[in-house]
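Enquirer: Add chain B to chain A, keeping to what the hints say.
Protein chains: 2
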Amino acid sequence: MKKGIDNSKILDAIKTALPLENKFVSLHEPRFEGNEWTYVKECLDTGWVSSVGKFVDLFEEKLAEYTGVKRAVAVVNGTAALHICLTLVGVEPGDEVLAPAMTFVATANAITYCRAVPHFVDGEEKTLGTDPYKLGDYLKEIADVRLEGCFNRLTGRRIKAVVPMHTFGHPVDLDPLVEISERYKLELVEDAAESLGSYYKGMHTGNWGKVSALSFNGNKVITTGGGGAILTNDESLGKLAKHITTTAKIPHRWAFYHDMVGYNYRLPNINAALGCAQLEQLPGFITRKRALAERYREVFGQIEGVTFFAEPDFARSNYWLNAILLDKDFSGERDNFLEMANSAGVMTRPAWTLMHKLPMFSTCPRMNLDVAERLETCLINIPSSSFLGGLHE
Amino acid sequence: MKKGIDNSKILDAIKTALPLENKFVSLHEPRFEGNEWTYVKECLDTGWVSSVGKFVDLFEEKLAEYTGVKRAVAVVNGTAALHICLTLVGVEPGDEVLAPAMTFVATANAITYCRAVPHFVDGEEKTLGTDPYKLGDYLKEIADVRLEGCFNRLTGRRIKAVVPMHTFGHPVDLDPLVEISERYKLELVEDAAESLGSYYKGMHTGNWGKVSALSFNGNKVITTGGGGAILTNDESLGKLAKHITTTAKIPHRWAFYHDMVGYNYRLPNINAALGCAQLEQLPGFITRKRALAERYREVFGQIEGVTFFAEPDFARSNYWLNAILLDKDFSGERDNFLEMANSAGVMTRPAWTLMHKLPMFSTCPRMNLDVAERLETCLINIPSSSFLGGLHE
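Chains as they are written, first to last, in numbering that gives the first Met the number 0: chain A, 0 to 392; chain B, 0 to 392.
If you're looking for bench data, these hints aren't it; they were derived computationally from the structure.
Heads up, some of the hints might be wrong.
It does not matter which identical chain is used: a pair holds within one copy or between any two.
[To be verified] Straight-line distance between alpha carbons at most 30 Å, and here's what the computed DSBU-like set of lysine-lysine pairs gives:
{"id": "1", "residue 1": "Lys-327", "residue 2": "Lys-40"}
{"id": "2", "residue 1": "Lys-40", "residue 2": "Lys-53"}
{"id": "3", "residue 1": "Lys-184", "residue 2": "Lys-14"}
{"id": "4", "residue 1": "Lys-40", "residue 2": "Lys-61"}
{"id": "5", "residue 1": "Lys-248", "residue 2": "Lys-356"}
{"id": "6", "residue 1": "Lys-133", "residue 2": "Lys-184"}
{"id": "7", "residue 1": "Lys-184", "residue 2": "Lys-327"}
{"id": "8", "residue 1": "Lys-69", "residue 2": "Lys-8"}
{"id": "9", "residue 1": "Lys-248", "residue 2": "Lys-69"}
{"id": "10", "residue 1": "Lys-238", "residue 2": "Lys-356"}
{"id": "11", "residue 1": "Lys-209", "residue 2": "Lys-69"}
{"id": "12", "residue 1": "Lys-125", "residue 2": "Lys-248"}
{"id": "13", "residue 1": "Lys-53", "residue 2": "Lys-22"}
{"id": "14", "residue 1": "Lys-327", "residue 2": "Lys-61"}
{"id": "15", "residue 1": "Lys-133", "residue 2": "Lys-238"}
Chain A with its partners taken away, still in its complex shape (with noise of 0.2 Å):
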């Protein structure tokens, strides 16, 4: 075993916590198994499927039910979510935007569509997220607070916010990150894309950020087709955040005023109507989820090379993608297990390239990423859709 790691034992893991044989094995697959039929078909039987609709109100109020917060807006997707979250707290052209270097895509890219830099932060062992006490001792260095706020020292830029990201569902450390915030004058806006049904000391996050990003694409714990949400717990934000997302129009019996730029963000009702009866079986969803990671860990306690990858101690999480990590000795070995798993029908990945490696984000200001780098070369995740935890029941 010291010459190399047995992957063969790895995807049979995987399999004798998946109780299926001789299978194609997705990465997350939605279910739709409650009202989707009923609810779809309301709309396309009255006809109203498009940018207004009962369907966009309700999700709207069971989103801030389930997740704690005062108000929630429903948009088109997670990016555009994020967009206007960063737009909602001020984020300007040339302002640097703190972000993982450790993300999906998105997180950086609606740092761009302000026109702002994103600057890449280190993550931690622990979240798999910014790790804020590396992040509290970096600013120390390069950050000066004045009276307009936060500045890099070196770039001459403004630092306006940091946006965490709660990786594959799993809660980053928010207290200290908000203890940083708040000396550094920074907005905190959370990028809980993969995190509905993912709890922080007992409350759901997205309530540490002035406003806070949704996402239910496709292969999130619930899904409206494309879709996404923002959340937030100050009012006046909130309706703004609405306002901004419908076209900035006045409301008016026939005119067309619109008083601000706004954006085309509107969650369909028709797509709507999925989010409700999703959001319905979202509880159900998490136990299973959460069932299928505990055989995960039970699984690999057995397996040498490797560890399940398991919510951190102040958290609750939704176990979004499972991941497991290759002890370092064996990390050499990803890209060999991940062709053979993927060869063999069970889909894993890898974790997303990070975003300093990207050519049109590798000049951005960036910390020490030694953490993310570790991290990008041993991870992998595996099959974790809800009904995979739910055939042992």
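Expert: Relative to the frame of chain A, chain B by itself:
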């Protein structure tokens, strides 16, 4: 009759054309009487509701076939389509883009998303859209054509593109506009959001722009809930349009690598399913809409003080939204008529507030806008749903 117009006669005329009694009549409602439910159900049954799926591909193929372009790329809405069209023709921050003063706000908003400046141009009574001859005269006055492109002598900014919009489905006079765009080195982008099913001199709108934008919002000729498309006859631009609207990800079995800043503008498969079914019914919708327009034309031929707007002689229009124009003497009656008709359950609306009258565009450059100003005071849209045209059949 000299003292004023007889609003109740106009309302009666509308009701005569619409064989409905004592019933609320909306401006434009979709109808789902084809394969909508079958296709949407297939998405739910198979789990393919999101950003990849057979209906996205099929919808793109069928759209290209119907409009006669080489490539159609389905996106999340018409605004997103316009944004990408402008990006693809090379509109850059600080450029000016010529756009109609009388349009839905999306045309101007999309220009600002590129950090470019809308430059408003006048319309003509014949098409309700951009007047190519007046534009030509104006450019002769203010534009310098250099090797690097066209420059506005007054602002010093480059004028990169011209975006005509086919108002309510009526094509602008494209031939002279193409000639002017070539003479002034302007990229031509057709805002064809309202003109699916409309032809200019026998060819479908969207074939003259280097790239063109369609919309399938809930109030359009066909709907996908929310949706849009980019049309082009340039295959490499079409390929780039697909790439940039799908996060610019390089295809790979597992790796996440993106080679440029992209957008999450994908149309979900469930919305494309709706689109496929709607597209099958489009020829019938157009027939019924044209029949309704013909009835309106006949009925309004008898009414003093008001003219039904008929397609220009070079065009075959979809008559997306029917429009009547109050004679000059009576345009002060517009709001009284709107009040009366809407209170009576017959939905009517004025033209959009002209773009330069919105606060965020009030300082943008503009030419003399006499025709648009006049149209704004006297134009009224009247009920136009396709099914209203079928009731006499």
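Enquirer: So, for every hint listed, does it hold in this structure?
Expert: Structure-based check of each hint:
In this assembly of identical chains, the alpha carbons of Lys-327 and Lys-40 never lie at most 30 Å apart, being 52 Å within a copy and 47 Å across copies at closest. Both within a single protomer and between protomers do Lys-40 and Lys-53 lie at most 30 Å apart by alpha-carbon distance, with minima of 13 Å and 21 Å respectively. With identical chains, the CA atoms of Lys-184 and Lys-14 are never at most 30 Å apart, being 48 Å at best within one copy and 62 Å at best between copies. For a Cα distance limit of 30 Å, the shortest separation of Lys-40 from Lys-61 qualifies both inside one copy, at 20 Å, and across copies, at 24 Å.
For the homomeric pair Lys-248 and Lys-356, the shortest alpha-carbon distance between copies (14 Å) is at most 30 Å, but the shortest distance inside one copy (40 Å) is not. Taking identical chains as interchangeable, the C-alpha atoms of Lys-133 and Lys-184 lie at most 30 Å apart only when both belong to the same chain, with a minimum of 17 Å there against 53 Å between chains. For the homomeric pair Lys-184 and Lys-327, neither the shortest alpha-carbon distance inside one copy (37 Å) nor that between copies (58 Å) is at most 30 Å. Proximity of Lys-69 to Lys-8 under the C-alpha cut-off of 30 Å is found in neither arrangement, the shortest distances being 48 Å within a copy and 50 Å between copies.
In this assembly of identical chains, the alpha carbons of Lys-248 and Lys-69 lie at most 30 Å apart only when taken from the same copy (23 Å versus 36 Å across copies). For a Cα distance limit of 30 Å, the shortest separation of Lys-238 from Lys-356 across copies, 24 Å, qualifies, whereas the shortest one inside one copy, 38 Å, does not. Taking CA atoms no more than 30 Å apart as the test, Lys-209 paired with Lys-69 passes inside one copy only; the shortest distance there is 12 Å, against 46 Å between copies. When the C-alpha separation of Lys-125 and Lys-248 is checked against a cutoff of 30 Å, the pair qualifies only between copies, where the shortest distance is 29 Å, while the shortest distance within a copy is 45 Å.
Only between protomers do Lys-53 and Lys-22 lie at most 30 Å apart by alpha-carbon distance; the minimum there is 22 Å, versus 40 Å within a single protomer. Proximity of Lys-327 and Lys-61 under a CA criterion of 30 Å is satisfied in neither setting, with 44 Å inside one chain copy and 51 Å between copies. Taking CA atoms no more than 30 Å apart as the test, Lys-133 paired with Lys-238 passes in neither setting, with 35 Å inside one copy and 42 Å between copies.
Of the hints listed earlier, those the structure fails to meet are numbers 1, 3, 7, 8, 14 and 15, in rising order.
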